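Undergrad: Okay, here's what each chain looks like letter by letter:
Protein chains: 2
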Amino acid sequence: MSEKRLEALRQQIDELNLEILRLINERAEIVNEIGKIKEKQGVTRYDPLRERHMLDLLKKHNKGPLNQMTVDYIFKTIFKTALKQLESDTKKELLV
Amino acid sequence: MSEKRLEALRQQIDELNLEILRLINERAEIVNEIGKIKEKQGVTRYDPLRERHMLDLLKKHNKGPLNQMTVDYIFKTIFKTALKQLESDTKKELLV
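Chains as they are written, first to last, in full-length UniProt numbering: chain A, 1 to 96; chain B, 1 to 96.
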């Protein structure tokens, strides 16, 4: 019985993972678009105030079970890695 | 013009963040449930084969713009931090 239950729960996790994947990619596309606008304006991409605003909004809406420390850590990773990869992609484009 | 566009894009990012938050919390609830079943079976929560399966599935479905290294890094952070917090919560429950 519990094996079947485990299998069903794992299936749910797989579906959630794919949905999260879709959203972080959609997010990266928008971050990229923002980056292009900022580039034209001559300002840097990284904006600590904007990051603070995003984390505060997440804190306000977080109902758990993940606590705020965990949520902050996951999102800082999402912010940082996405920005880093997109910046490196832009550099490669410029080198072509 | 570009300020208005920036504002609209940031609004989209905020909405995506909240949707990602909802999904990682939903995911954590299921991870917790799996943990309880495994505990009854007397097996450890961390399962490297299962983690490999999840990363392979994500790789298969990743259409970018995030590359696989970035996706792996973000998901390993989600796997690790969620498990760590939930394990620490369980310990606290046992101590009460």
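Errors might be hidden in some of the hints.
It does not matter which identical chain is meant; a pair holds if it fits inside one copy or across any two.
In silico lysine to any residue, SDA-like type, Cα no more than 25 Å apart, as pairs [said to hold, decoys possible]: (1) Lys80 x Glu3; (2) Lys80 x Met54; (3) Lys59 x Glu19; (4) Lys40 x Lys60; (5) Lys4 x Tyr73; (6) Lys84 x Leu58; (7) Lys59 x Asn17; (8) Lys59 x Asp89; (9) Lys60 x Phe75; (10) Lys92 x Leu16; (11) Lys63 x Val43; (12) Lys76 x His61; (13) Lys80 x Asp56; (14) Lys36 x Glu51; (15) Lys80 x Gly35.
Because the hints were derived from the structure by calculation, they are not lab data. For clarity, every value in this text was computed on a predicted model and none was experimentally measured.
Undergrad: Work down the list of hints and note, for each, if the structure agrees.
TA: A quick look at each hint next to the structure:
For a Cα distance limit of 25 Å, the shortest separation of Lys80 from Glu3 across copies, 23 Å, qualifies, whereas the shortest one inside one copy, 38 Å, does not. For the identical chains of this complex, Lys80 and Met54 are neighbours both inside a copy (13 Å) and across copies (22 Å), given an alpha-carbon limit of 25 Å. Proximity of Lys59 and Glu19 under a CA criterion of 25 Å is satisfied in both settings, with 21 Å inside one chain copy and 13 Å between copies. For a Cα distance limit of 25 Å, the shortest separation of Lys40 from Lys60 qualifies neither inside one copy, at 33 Å, nor across copies, at 35 Å.
In this assembly of identical chains, Lys4 and Tyr73 lie within 25 Å of each other by CA distance neither inside one copy nor across copies; the values are 33 Å within and 30 Å between. For the identical chains of this complex, Lys84 and Leu58 are neighbours both inside a copy (22 Å) and across copies (20 Å), given an alpha-carbon limit of 25 Å. Within a single copy, Lys59 and Asn17 get their C-alpha atoms as close as 22 Å, and across copies as close as 11 Å, so both meet the 25 Å cut-off. When the C-alpha separation of Lys59 and Asp89 is checked against a cutoff of 25 Å, the pair qualifies only between copies, where the shortest distance is 19 Å, while the shortest distance within a copy is 31 Å.
In the homo-oligomer, the alpha carbons of Lys60 and Phe75 lie at most 25 Å apart both inside one protomer (14 Å) and across protomers (23 Å), since each shortest distance falls under that limit. In the homo-oligomer, the alpha carbons of Lys92 and Leu16 never lie at most 25 Å apart, since the shortest distance is 32 Å inside one protomer and 27 Å across protomers. Neither within a single protomer nor between protomers do Lys63 and Val43 lie at most 25 Å apart by alpha-carbon distance, with minima of 35 Å and 29 Å respectively. Taking the shortest Cα distances, Lys76 and His61 sit within 25 Å of each other both inside one copy (16 Å) and across copies (24 Å).
In this assembly of identical chains, the alpha carbons of Lys80 and Asp56 lie at most 25 Å apart whether taken from the same copy (17 Å) or from different copies (23 Å). When the C-alpha separation of Lys36 and Glu51 is checked against a cutoff of 25 Å, the pair qualifies only within one copy, where the shortest distance is 18 Å, while the shortest distance between copies is 35 Å. In the homo-oligomer, the alpha carbons of Lys80 and Gly35 lie at most 25 Å apart inside one protomer (14 Å), although the nearest pairing across protomers, at 30 Å, exceeds that limit.
Of the numbered hints stated above, those contradicted by the structure are hints 4, 5, 10 and 11, listed in ascending order.
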